[in-house]
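Trainee: Chains B and G, in that order, give the protein sequences. Numbering (my numbering) for the first sequence: 1 to 362. Numbering (my numbering) for the second sequence: 1 to 310.
Quick caveat, the hints were computed from the structure, so don't treat them as lab data. Beta carbons are placed, not taken as given, at the ideal position from N, Cα and C, and that holds for glycine. Certain hints may be false.
[Claimed, not checked] Computed spacing ranges between beta-carbons, pair by pair:
1. G/245 x B/88: 52 to 62 Å
2. B/100 x G/245: 37 to 47 Å
3. G/149 x B/88: 49 to 59 Å
4. B/309 x G/130: 49 to 59 Å
5. G/145 x B/74: 36 to 46 Å
6. G/93 x B/181: 16 to 26 Å
7. B/60 x G/224: 48 to 58 Å
8. B/185 x G/140: 31 to 41 Å
9. G/132 x B/295: 30 to 40 Å
10. G/62 x B/273: 55 to 65 Å
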Amino acid sequence: MKRRTLLTSSAMALGLAATMGTAALAQDEPLKVGFIYVGPVGDFGWTTAHDVGRLAAVEHFGDSLETVFVESVPEGADSGRVMTQMALSGADMIFATSFGYGPEINAVAQRFPDIAFEHATGYLQEAPNVSLYNARFYEGRAVIGHIAARMTESNVVGYIASFPIPEVIMGINAAYLAAKAANPDIEFRVVWAYTWFDPAQEAAAAEALIEQGADIIMQHTDSTAPLTVAQEHGALAFGQASDMSSFAPDVHLTAIEDNWAPYYIRRIQERMDGTWEADNVWLGIPDGEVVLSPFNDRIPADVQEEANAMIAAITDGSFHPFTGPINRQDGSTWLAEGETAPDGDLLGMDFYVEGMTGEIPN
Amino acid sequence: MDLSSINPVVLIASLMVAATPILLAAIGELVVEKSGVLNLGVEGMMIVGAVSGFAIAVTTQNPYLGMLAAIVAGALVALIFAALTQLLMANQVASGLALTLFGLGFSALVGQNYVGIVPPRTPKLDFGPLTDLPVVGRIIFGHDILVYISLLIVAATWFWLNKTQGGRVLRAVGENHDSAHALGYKVTRVRILAIMFGGACAGLGGAYLSLVRVPSWTEGMTAGAGWIALALVVFASWRPWRVLAGAYLFGGIMVLQLNLQAAGFRIPVEYLSMSPYLITIVVLVIMSSSRGRRSMAAPGSLGRSFHAAG
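Turn these sequences into a full structure, and let the hints steer you where they fit.
Mentor: Laid out in structure tokens, this is it:
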């Protein structure tokens, strides 16, 4: 067989497999859903949270759902190959759970118009079968900002940030605004670690912050190291993405958990019913997508009540963490009295709010 | 925002801790390279040490048994590399890279059941009232046992390489394996032992991360420390005391930049995080010129396979 004919016939075979995959949907076979993860399912953070969502869907749908996942898929060309492979092996729906998969998802989606693609934290929608979803983590950060402000004794909060991108800056501002409202003397010290995950670096950052007088540590990096350091030094801390209390039971106050299960179950159900449509959603505490882990008993009852009231207010829509008047750090007006932040402003946020010290690195 | 809020004593104490994993891995790799072998698998050996040490420490509830296990595990993984490169004459660069990939995957597999567990605590050594002394108390008498062991290993390596017959043989093997062979030294045996020593040190360095520094197990937790250790050996131009100085310099840059940030200073974080790698690249460039290579004293047979002819 010549090389060219070999390629043609294998392409045909692949095409056949793809047709069979979509045809299967019409029968009473289980819906096949693929998940693509950027990290290992055991990272105890971002990817673990997505996999918990997948498992919840498996539990919910039982035999009518079949899932596959590929972990540690690098952003870039490799992810396109993984998606194509999933599509060819008969997936009806694919969840890709990292920002950097965007170009590949859109390219693959154009080739497989019958497959529903869901992209977490993305912004590109170049095909009618690409849907975007994200979570309003800043709502959770506002709640922990309030708790931190009410519990600190040194009035210094240490914040371990990853990269200076809008998502992270938004989190710092949300936490700071809520903290400032509860305690006008509060001061935030931000350390940019320039990594999402490097336990040793994060541990050193936490130590440096505690040494500089911070008695509460917040983190926007993924490892549990800052918590263990906080426990060692008797400082307080918050978990990231998952309940991390087992690493620092004495000082873990609560964690902002990502709860993707409700969204996954709803969208898979829609795909089964044939009502799925591409969308662009940004869900938060009201939708149960951002959840705070059970409060540590160390949080005084009145502070717990205030935090719960804040969660309730965010849930019923009466409170938005970014409600004016809010000025930028340089003193210029961002939001007027009573105005709430438009989503576009948040997603492009590149400035600190008034009162924050330090500067955002370029 | 003033410099006085940074306490130099604490800074030095914490840079010693931050530097210990790379110091251990680098001093092991130094011996390996001195014997003429380039093992790029440091990262892989470190992470296997990290997971094995963690698993045994959790199972036995004894951190010291965990460290011992990490030493053994690191040496065993290194033995795979030794078998490939010394007995089967495989390419050292490719085998070393493969070892890193293998180590990362293998550790993830073994570590699956150990995610989210807190290991037994490694106590700081008790020097009684000495620890309460001003300045020196915290810098000299305020650490856990591995910090002291790492310093001892550096001193012992220096002494052994320069002052003993065994060390001279190892250096001869690294400088010119054909001559060493002609003189009757067992080139392959020396190199296999050196590789195992390197693995043991890297494994211990990994265990320091998972048992003392972090302490918990997460996949990929070495996060590039093995590569910094490799760079460090070149940076130190294959001299033990310079490895120590380099490790504390690299560790110091990291700790200092974090402290400066925490104190509210505006510093170019990106450049400081890059600096260990940048310095190493500069050293490598200098080394690549033939005159530079001599002055840097790279072992003559570094990276070349030895096959006894006749």
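Trainee: Against this structure, judge whether each hint is valid.
Mentor: Going through the hints against the structure:
1. G/245 x B/88: 52 to 62 Å: holds, 55 Å
2. B/100 x G/245: 37 to 47 Å: Because 39 Å falls inside the window, the suggested range holds.
3. G/149 x B/88: 49 to 59 Å: Given range 49 to 59 Å: holds, Cβ gap about 54 Å.
4. B/309 x G/130: 49 to 59 Å: holds, 52 Å
5. G/145 x B/74: 36 to 46 Å: holds, 39 Å
6. G/93 x B/181: 16 to 26 Å: With a Cβ separation near 58 Å, residue 93 of chain G and residue 181 of chain B fall outside 16 to 26 Å, so the hint is violated.
7. B/60 x G/224: 48 to 58 Å: violated, 40 Å
8. B/185 x G/140: 31 to 41 Å: holds, 38 Å
9. G/132 x B/295: 30 to 40 Å: holds, 38 Å
10. G/62 x B/273: 55 to 65 Å: holds, 56 Å
Of the numbered hints listed earlier, those contradicted by the structure are 6 and 7.
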